[in-house]
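Undergrad: The chain contents come next:
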Amino acid sequence: MIKKIGSLNKNKIISRRLFVLVAAKIGLLGIVTSRLYNLQISEKQKYEVLSDKNRIREWKTPPQRGIITDYFNNVIADNQRVYQVHLSLEEVSNFNNSIFKLKNIISLKEDEIKKIYEKREKSKPWDTLIISENLSWKEFSKLNLYLHELEGAKPVLSTSRHYPYSNDLVHVVGYVGDATTKDIQNKKKIEENFVPGLKVGKIGIENSKDSDLIGNHGTKRYEVNASGKKISEISYNKETQGENLRTTIDLEIQQLAQELLKNQAGSICVMDIYTGEVIAMASSPTYDPNKFTHGISTKDWNEIKNNKLRPLINKSLAGLYSPGSTIKPLVALAALEYGIIDTKFKVNCKGHDHPYELYGERYHCWKKNGHGLMSMRNAIKQSCDIYFYEVARLLGVDKLSLIAKRYGLGSKVLEDFFLEEKKGIVPSTKWKKQVLEQSWYLGETVITGIGQGYIQTTPLQLCLMTAQLANGGYKIKPNLIYDKEIDLEMIKSKIESEKNKSVSQNILKDHQFKHYERLYRNPNNLKLVLDAMYGSTNEQFGTSFRSRHKEDKYKFAGKTGTSQVKRITDQDRELDLDLEEIEYKSRDHALYIAFAPFDKPRYSLSVLIEHGGSGSKAAAPLANKLIKKIIDRHELREKIRKDLKNIA
Amino acid sequence: MILSTSLNSTSYSFIDKLKAVDYFLIIIVAIIGSLSVFSIYSTESGNFSFYTKNHLIRFMVFFSMFLILSFIRVSAWYRQAYIFYILGILLLLFVMFFGISASGSKRWINLFIMNLQPSELMKIAVIVCFARYYHRIQSSDIQSYKYLLQPIILLLIPCYLVITQPDLGTAILIAGSGLVIIWLAGLNLKYFVYSGLILLVSLPFVISILKPYQKSRILTFFNPERDPLGAGYQIIQSKIAIGSGGFLGKGFLQGTQSYLEFLPEKHTDFIFTLFSEEFGFVGSIILIFLYALLIYRIIRIGFLSRSFFAKLYCFGFASALFLYIFVNIAMVLGLLPIVGAPLPIMSYGGSSMLSIMLGLSIVMSCKIYSRDPIGS
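Sequences listed follow chains D and Y, in order.
First residue of the first sequence? That's 10 in the numbering used here, and the numbers climb one at a time after it.
First residue of the second sequence? That's 7 in the numbering used here, and the numbers climb one at a time after it.
One thing to keep in mind: the hints can contain errors.
To be verified - Here are some of the chain D residues that sit facing chain Y, going by a computed Cβ distance under 10 Å:
| hint | residue |
| --- | --- |
| 1 | Lys21 |
| 2 | Arg26 |
| 3 | Ile40 |
| 4 | Leu45 |
| 5 | Asn47 |
| 6 | Lys55 |
| 7 | Thr228 |
| 8 | Lys229 |
| 9 | Arg230 |
| 10 | Glu232 |
| 11 | Ile240 |
| 12 | Leu329 |
| 13 | Lys421 |
| 14 | Leu423 |
| 15 | Leu451 |
| 16 | Lys626 |
Calculated from the structure, these hints are not laboratory results.
Glycine is no exception: its CB is placed at the ideal position from the N, C-alpha and C atoms.
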C-alpha cells in the first residue's frame, strides 16, 4: 500500500518534472526559431551581400592606350604585340623553385629577380605577377616547350607601347613607364583605372594627355572558392581603348629637322602663323623612348644621362637662351610704335675704334670696321648693334619689355601642356627690383636692345614671336593636338575684322589680349620691320643672304642671331679667333628666326644651335632646307585640313 | 539475441509485438535520415562519393539495427544497464591508452570498418544506467546524501574521461543527459540551484584550467569579429550561409557557402548550416518540427509505459535528444560557443548515428513491451 502510494507519488513527480522540461524545451525552441527568423528574414540582405562578397572576386583587365598620329595620320605611338610570362601566385607551391626554373629558361638578370621578389611582397596571394614583360620569340617558344614543368607560369600575348619613329619624336610624344604611387595619387583617371602593370605617360604628350589616352579598364568577375581559386567567370565588362590623338606635327618635317640637328645640340620649331599649330618641334640630341617602356637598363640610362649634349632636356621649350639679334625686329617695332624713331632716324656705326659709350662703359658692334650710317631697315638687315644700342636707350627697357611680352616672350607658349616648359625672362625695371632687389642700370637697357643681358627665351617662344609678327600682328593660340575648334577660315575672318578696328594710343599700354586680337597700333610699322627682315635674307649685305631661296615660291624673310655665352673681353676682340679655336662651352649659340613664303606668309620657324657659332653660318642654312620642305608640303597639309573640316 | 526473454512473466505474441510498434516514429526517423543523406550529398557538390556513400550505408545499417534491437525486452536492458555503463567506461579507458588521435584529441577506437567514438555510446549508457538507478529508489529516499552522491560519482567518471580526450562538447552532453534523469527522478530543486551557484562562483577557476583553444572559442563566441580568419571564421561563415539562405533558401545543391568551401566541417557539426542555406527558413523550420515530433513520440511512449525504468529512460532520452539538437543548432546560429556537438541523425559520423539508433531501439522496446512491470 505504502509502496503503491510511493509509486503514485513518484509518477506524479516524474510527470511534473517532465512538464517543466517540456516547457523549457518549448522556450528554447522559441529562441532558436526567432534567431532563424532574425538571420534569414530580417537580416537576409546583409548576409546575402556578405555571401556574394565571399564568393565573387573581381579582376581588372588593363586598358589599351590610344594611338597617337601626326597630322597626316602617320602612327607615331602605337601598341605592339609583346610576349610575356606571368606567374599566377595561387598556383605556385614553391615560389623560389618556380623562379629558379624560369631563370633557366628565360634570361633573368639578378636585378630583375630582385624586382620580382619586391613585387611579390606587395601582391596578394591570388594576384598574378608579371615575370617578364618583353620576351623574345625564341624565349617565348622555349617557355611554351617547358610549360608543363612550370606550375603557375602563363605565357601571355600582351601589348605594349611602341614608338615606330623612336628617336625622332621623343621630345614631342614622350614615353610611358610603370605608374608610381605618385602618378596614382596625382591623376584621378590613373587611380580609377589602375591595374598592376599599367603604363602611364611620363613626359610629353603621353603625360599631358594621359587621361584621354589611358582608356578604361575592364572587369572580370569570377566566382571563387574559400581558398581563392577561380571556379567560373560570372561577368566580363570589357576594357576600352583610350582616345586616339591626332597631333599637329608633320612627321616628315620633324624628321628633317632632327636630321639637320644631328650630332649637335639644338632645336628647330616650326609653326603655322595663323592656326598656331606646331608643325615640328625638334630637339637634339634625342634618345629612344622604346627603352623606357619596360624599364630602362642602368647602362642605357647612364649613357643618356652622361651625354654632354644633354638629350633629356627638351631644348625647344626647356632650353633658355639669350635671343641675341633675333630680338632686333621687335626692338625696332617697339620704337616705331611708340613713335621714338621714324624711318629717317639714323645712327653712325664707326667700328671698334669708336664704340658706343655710355657713362664710361663701351659697347661694340660685332662688325670690326663698322656699318657706317645706318637706317632702321639697314640696321635690321645687317644686324648693326650700335643702332640698336641707341634705339634701346631712347626706348627704355620697360616699353621694350611690354612689347616683347605682347608678342610671346616671357610666358609659356603651350601653357601647362608640358611640365618642363620654361617661361624665360623678359626683364624690366620692376622685374629687377622684385627679383634681384636692385635698381636698373641704363647700360642694361642698351645690351637688352641686342638681346643680351638678363633676357632669356626658349626657341619655341622665338618661333611664336616670329609667327605673330609675320601674321600681321595678331595673337594666336599655339597648339600641338589637332583641335577642330581652331579653324583657319574663322581665324582669317576674325583677323580681317580686327584690321579695320580703330585703336587709340591706349593699345600701347600694358593689357591682356584675347586670341586673334590685334597687337599693334599702326600696321605700317609692322610692314617696315617685316620688309627689313626680307632685306636681311634676300639682299646683298643681309646677314642670311647666303641662305636665301631664289625661287619666288620659297622666298623667305628672317633674322640671324648670335647669343653670347660669356662676356667678350677686349682681348677676345683682339684675337678674333675662328670658331674651331674656341673651347666648345665658350662658343656662341647660333640662332635664326624666319617666316615663309614672304609674299603670303604662312609658316614661322626658329633654329637654335647650341655653341654653333654665328647665326648666319650655323643656323640660317638649316632654315633654307627646312623652308623648301615646308612649302613643298603645304598643299598636302591644306588638303588634310579641308578633309578634317569636312568630317567635322 | 543473447538476451533472452524467458524470465519475464508477461508473454507477447509476435503479432502483438508488431502491433505495438510505433510506426509513426519509424517514419519520422526515416524522413530525417533521408534528408541527412541528401544533405551529405550536397556537401559533396552533388557527387555520389565517399561521404554520401558511407553515410547512406551507415544510416541503413544502423536503422536496421534499430528495428531489430527494438525487439529486445526492455527488462533485459534494465538488467544489463550497469553492464552497459561499465562497458562504456572500459571503452573510454581503452581510448585513453590505445585510442587514435585526430586534430589534437584522442577520441576513437579503430574498428577497421569504422572508428568508434565510445563517448557517443556513453551518452546513452548514462541514461540507461541512471534510469535503472532511480527505478528502485523511493521518492522519499532520493534527497538523502547517499543517493545524491552515488549518481554524481557515476556521472563524474565518464565526464572526466571525456574531458581529458579532450572533448568538452560531448562531456557537457553526457553530463546533461545524466542531470536530466536526476531532475526527473525528483531531486530537490534546491540542489540544482546550489550547484548552479557553485558553478557560477567557480567559473573563473574553470576558465583558467581550460585549454587555450577552448578559451579562444568562448571568447570568440562573445565576439566573432575578434579573429575573423581564425577562431571566429566558422561562426561568421555559418551565419553568412544561414542568413543568405533567406526564406526559401538557395535551392538544393545551390548553397554557395558550402559549395565554395567557405563552410568548415560542413558534413559534421555544420550540416544544419548547409541545410538551412539551401532550404531556407521554411526548410529549417520543417526540420526542427520533425525533430520536435520525434521527441513528442518518445515522450508519448514514456507516458504509455508502466515501469519507472521505461518512463525515466524515455523522458530522459527525449530530453537528452533535445539537448543535442538544441546545442548543435544554437551553436551554428551563433547562440552558443562552438563546442563540437553533432546534430543527431543529420550529421555524418558513425558513432553518433550508432548511439542515437541504439537509444531509439530502447525507446521502441519500451513501447513494444510497455506492459512489462520490470523487477520488484
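Undergrad: Look at each hint and say if it fits the structure.
TA: Evaluation of the provided hints:
1. Lys21: Where the cut-off is 10 Å and the nearest Cβ of chain Y is about 9 Å from Lys21/D, the hint holds.
2. Arg26: holds (5 Å)
3. Ile40: holds (7 Å)
4. Leu45: Cβ of Leu45/D sits 5 Å from chain Y, so the hint holds.
5. Asn47: Given a least distance of 9 Å, the restraint on Asn47/D holds.
6. Lys55: OK, holds: Lys55/D within 10 Å of chain Y, min 7 Å.
7. Thr228: With a closest approach of 20 Å, the Thr228/D hint is violated.
8. Lys229: violated (17 Å)
9. Arg230: violated (14 Å)
10. Glu232: holds (7 Å)
11. Ile240: holds (7 Å)
12. Leu329: violated (59 Å)
13. Lys421: Since chain Y brings no Cβ nearer than about 54 Å to Lys421/D, farther than 10 Å, the hint is violated.
14. Leu423: violated (53 Å)
15. Leu451: violated (80 Å)
16. Lys626: violated (77 Å)
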